[in-house]
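Trainee: So the protein sequences, as listed, match chains C and S.
Going by this note's numbering, the letters in the first sequence line up with residues 1 to 260, in that order.
Going by this note's numbering, the letters in the second sequence line up with residues 1 to 281, in that order.
Please keep in mind that the hints were generated in silico from the structure rather than gathered at the bench.
Keep in mind that the hints are not guaranteed to be accurate.
Covered stretches of chain S, going by a simulated chain C footprint (3 or more residues, C-beta under 8 Å) [what the hints assert, rightly or not]:
no.: 1; segment: 31-43
no.: 2; segment: 148-160
no.: 3; segment: 223-231
In the DSSO-like style, the derived pairs of lysine-lysine whose C-alpha atoms are separated by at most 30 Å in a straight line are [what the hints assert, rightly or not]:
no.: 4; chain 1: C; residue 1: 13; chain 2: S; residue 2: 146
no.: 5; chain 1: C; residue 1: 5; chain 2: C; residue 2: 53
no.: 6; chain 1: S; residue 1: 231; chain 2: C; residue 2: 215
no.: 7; chain 1: C; residue 1: 215; chain 2: S; residue 2: 248
no.: 8; chain 1: C; residue 1: 215; chain 2: C; residue 2: 53
no.: 9; chain 1: S; residue 1: 248; chain 2: S; residue 2: 237
no.: 10; chain 1: C; residue 1: 5; chain 2: C; residue 2: 24
no.: 11; chain 1: C; residue 1: 53; chain 2: C; residue 2: 13
no.: 12; chain 1: C; residue 1: 56; chain 2: C; residue 2: 5
no.: 13; chain 1: S; residue 1: 248; chain 2: C; residue 2: 56
no.: 14; chain 1: C; residue 1: 13; chain 2: C; residue 2: 56
no.: 15; chain 1: S; residue 1: 279; chain 2: C; residue 2: 215
no.: 16; chain 1: C; residue 1: 215; chain 2: C; residue 2: 56
no.: 17; chain 1: S; residue 1: 240; chain 2: C; residue 2: 215
no.: 18; chain 1: C; residue 1: 194; chain 2: C; residue 2: 242
no.: 19; chain 1: S; residue 1: 237; chain 2: C; residue 2: 242
no.: 20; chain 1: S; residue 1: 248; chain 2: S; residue 2: 231
no.: 21; chain 1: S; residue 1: 146; chain 2: C; residue 2: 194
no.: 22; chain 1: C; residue 1: 242; chain 2: S; residue 2: 146
no.: 23; chain 1: C; residue 1: 56; chain 2: C; residue 2: 24
Calculated from the model, a selection of chain S residues having no Cβ within reach of chain C, i.e. all distances over 10 Å [as the list claims (entries may be wrong)]:
no.: 24; residue: 20
no.: 25; residue: 52
no.: 26; residue: 238
no.: 27; residue: 246
no.: 28; residue: 273
no.: 29; residue: 281
Here a beta-carbon is modelled for each residue, glycine too, at the ideal position from N, C-alpha and C.
Okay, here's what each chain looks like letter by letter:
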Amino acid sequence: MSDVKMRIWRGDKDGGEFENYSLKPQEGEVVLDVIHRIQATEAPDLACRWNCKAGKCGSCSAEINGKPRLLCMTRMDQLPEGEEVTVTPMRAFPIIRDLVSDVSYNFEKARQVPAFLPPPRPEGGYRMSQADVERGQEFRQCIECFMCQDVCHVIRDHEENKTNYAGPRLFIRYAELEMHPLDTNDRRDLVRDKMGLGMCNITKCCTEVCPEHIKITDNAIIPLKERVVDADFDPVAWLGRKILRRTKRTPAEASVQPEA
Amino acid sequence: MTTTENSATRVDNSSTPVILGGARGGPDVTTMRTDRWWLAPVITVAILGSFVIYATWAAFVNKDYYVGANMHRDLISPFYSPCLTQSCVATGAANKAVFSWWTISPALLILIFPLGFRMTCYYYRRSYYRSFWWAPPACSVADSHKSYSGESRFPLIMQNVHRYFWYFGLVFNVLLTYDAVMAFRTPGDGGIGVTIGTMVLCLNATLLWGYSLSCHACRHLCGGQVRSFSKHPIRYKFWKFVTPLNAKHMQFAWVSLFVVALTDVYVRLVASGTITDFKLF
Ligand code: SF4
Ligand code: SF4
Ligand code: FES
Ligand code: FES
Numbered sequence: 001m002s003d004v005k006m007r008i009w010r011g012d013k014d015g016g017e018f019e020n021y022s023l024k025p026q027e028g029e030v031v032l033d034v035i036h037r038i039q040a041t042e043a044p045d046l047a048c049r050w051n052c053k054a055g056k057c058g059s060c061s062a063e064i065n066g067k068p069r070l071l072c073m074t075r076m077d078q079l080p081e082g083e084e085v086t087v088t089p090m091r092a093f094p095i096i097r098d099l100v101s102d103v104s105y106n107f108e109k110a111r112q113v114p115a116f117l118p119p120p121r122p123e124g125g126y127r128m129s130q131a132d133v134e135r136g137q138e139f140r141q142c143i144e145c146f147m148c149q150d151v152c153h154v155i156r157d158h159e160e161n162k163t164n165y166a167g168p169r170l171f172i173r174y175a176e177l178e179m180h181p182l183d184t185n186d187r188r189d190l191v192r193d194k195m196g197l198g199m200c201n202i203t204k205c206c207t208e209v210c211p212e213h214i215k216i217t218d219n220a221i222i223p224l225k226e227r228v229v230d231a232d233f234d235p236v237a238w239l240g241r242k243i244l245r246r247t248k249r250t251p252a253e254a255s256v257q258p259e260a
Numbered sequence: 001m002t003t004t005e006n007s008a009t010r011v012d013n014s015s016t017p018v019i020l021g022g023a024r025g026g027p028d029v030t031t032m033r034t035d036r037w038w039l040a041p042v043i044t045v046a047i048l049g050s051f052v053i054y055a056t057w058a059a060f061v062n063k064d065y066y067v068g069a070n071m072h073r074d075l076i077s078p079f080y081s082p083c084l085t086q087s088c089v090a091t092g093a094a095n096k097a098v099f100s101w102w103t104i105s106p107a108l109l110i111l112i113f114p115l116g117f118r119m120t121c122y123y124y125r126r127s128y129y130r131s132f133w134w135a136p137p138a139c140s141v142a143d144s145h146k147s148y149s150g151e152s153r154f155p156l157i158m159q160n161v162h163r164y165f166w167y168f169g170l171v172f173n174v175l176l177t178y179d180a181v182m183a184f185r186t187p188g189d190g191g192i193g194v195t196i197g198t199m200v201l202c203l204n205a206t207l208l209w210g211y212s213l214s215c216h217a218c219r220h221l222c223g224g225q226v227r228s229f230s231k232h233p234i235r236y237k238f239w240k241f242v243t244p245l246n247a248k249h250m251q252f253a254w255v256s257l258f259v260v261a262l263t264d265v266y267v268r269l270v271a272s273g274t275i276t277d278f279k280l281f
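Starting from the given sequences, assemble the full structure and let the hints guide the process.
Mentor: Here's what the structure looks like:
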């Protein structure tokens, strides 16, 4: 077998460049193994974030040959043989060093999600049926690798949108809460006005990269968009509310207000 | 390697400074992808483009869209159904013509609805945003626009009317199903039978139902909009029925588009006498 050729981004916020490494291949390796071997030999100062090496902690997200992938779940033998393998940090977030980027954006957006708000606890406790429990199960598979956020062109290619855009990872959180039978918050106006749901143009890249195969667009974003239509764009629903004298549920405020 | 500077470096209300933007890692290039990411958008442009060209031509020719009793059949092209105007030459329907003042092709009146339905369809939106608008052309390939507001402003905010087009779509499905049933008629040739044309029209109607029932707005209206499935058992059943169809919406979108065009071609060929509609039994 020929040597594996790695082209890895080295640098920090002040600049950087690619460095090439060449190693003997080993059976059954993933990209993270190769990076560890480079750290152990040629470049002990190569920065890379990882934790579980089992595709479950979501730490090792980076871009391999230009696509967001988990370093620990991408086998070397899945990549085109004999060709150089390019590894770069996630592009949508600021770089810290080498393959490590600063993902605080996502935590900030997570903090802004209005919390779960159940009604007062009835006697005997809350009850939830299996069908309702199952509905949100898919969304709870998220390992917070933030690759969906990284690939989303709304912020990847338009930094200025970051202030008013929650991103696919958080849209599944909003969807999960909106589909929770015990939740009483109404986040529809919030996701529309401040969290940028309308900026998503459902081009499904988030779904394509999700390592947990969560159908982010079909099962979370589109249902949220339809809920926003119910609330704001459906004259029939509006008339129905008027006739039945119903109001929308109390619009939730963001628990932390994003900058105007 | 530095790209954009972000105005929002910090969001307040927090004791720890939070960095939202800043210098990014990796080279400043459109994409680092090495595979043929441009292939899918090119194919989409080719297919959608050809369909639009064909449909425009077929809508304007205003002839050969109906095979009537003189040929012992009752087949109408989906582009011209329902028969609306006097210029429409379908047998019985011509007498009940509603718009006598409309003299150009009736297809122009009809096609607004399926066109609006497909233009606002979540799946087609994904396809043409990627392939025609390049926002983005493919995943992790930079989109080619200076600023971007997605579907949050006029005109694209109008995509939110999709569910109304879905309702119209249902009306058309009923009409086309009626046409498919009528296609079993073979006047003067046994009265009733199954021809290739019958099968084509039936296939077309079935696929259009598949397309409509797998629609995301349909899934929402059927039951997706409720917060609690257990409190709405009937709607939950509907939702469970359409959800697997919804997962195949992309396939329905392409196949039904292809078959609608095919049905028009077939009726056109028979009506113009190029081929005969073979009777199976
Ligand atoms: S579907 Fe929406 S959220 Fe997902 S990557 Fe595309 S624009 Fe972003
Ligand atoms: S939704 Fe998928 S891609 Fe996004 S953070 Fe969660 S696991 Fe990662
Ligand atoms: S190291 Fe945990 S997901 Fe890769
Ligand atoms: S028809 Fe495609 S989503 Fe409604």
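Trainee: Against this structure, judge whether each hint is valid.
Mentor: Right, here's what the structure says about each hint:
{"no.": "1", "hint": "31-43", "verdict": "holds (count 5)"}
{"no.": "2", "hint": "148-160", "verdict": "holds (count 9)"}
{"no.": "3", "hint": "223-231", "verdict": "holds (count 7)"}
{"no.": "4", "hint": "C:13 x S:146", "verdict": "holds, 24 Å"}
{"no.": "5", "hint": "C:5 x C:53", "verdict": "holds, 22 Å"}
{"no.": "6", "hint": "S:231 x C:215", "verdict": "holds, 25 Å"}
{"no.": "7", "hint": "C:215 x S:248", "verdict": "holds, 13 Å"}
{"no.": "8", "hint": "C:215 x C:53", "verdict": "holds, 24 Å"}
{"no.": "9", "hint": "S:248 x S:237", "verdict": "holds, 18 Å"}
{"no.": "10", "hint": "C:5 x C:24", "verdict": "holds, 9 Å"}
{"no.": "11", "hint": "C:53 x C:13", "verdict": "holds, 27 Å"}
{"no.": "12", "hint": "C:56 x C:5", "verdict": "holds, 27 Å"}
{"no.": "13", "hint": "S:248 x C:56", "verdict": "holds, 29 Å"}
{"no.": "14", "hint": "C:13 x C:56", "verdict": "holds, 28 Å"}
{"no.": "15", "hint": "S:279 x C:215", "verdict": "violated, 46 Å"}
{"no.": "16", "hint": "C:215 x C:56", "verdict": "holds, 18 Å"}
{"no.": "17", "hint": "S:240 x C:215", "verdict": "holds, 16 Å"}
{"no.": "18", "hint": "C:194 x C:242", "verdict": "holds, 26 Å"}
{"no.": "19", "hint": "S:237 x C:242", "verdict": "holds, 29 Å"}
{"no.": "20", "hint": "S:248 x S:231", "verdict": "holds, 28 Å"}
{"no.": "21", "hint": "S:146 x C:194", "verdict": "holds, 21 Å"}
{"no.": "22", "hint": "C:242 x S:146", "verdict": "violated, 42 Å"}
{"no.": "23", "hint": "C:56 x C:24", "verdict": "holds, 28 Å"}
{"no.": "24", "hint": "20", "verdict": "violated, 5 Å"}
{"no.": "25", "hint": "52", "verdict": "holds, 20 Å"}
{"no.": "26", "hint": "238", "verdict": "holds, 13 Å"}
{"no.": "27", "hint": "246", "verdict": "violated, 7 Å"}
{"no.": "28", "hint": "273", "verdict": "holds, 45 Å"}
{"no.": "29", "hint": "281", "verdict": "holds, 42 Å"}
Hint compliance for this structure: hints 15, 22, 24 and 27 are broken, all remaining hints hold.
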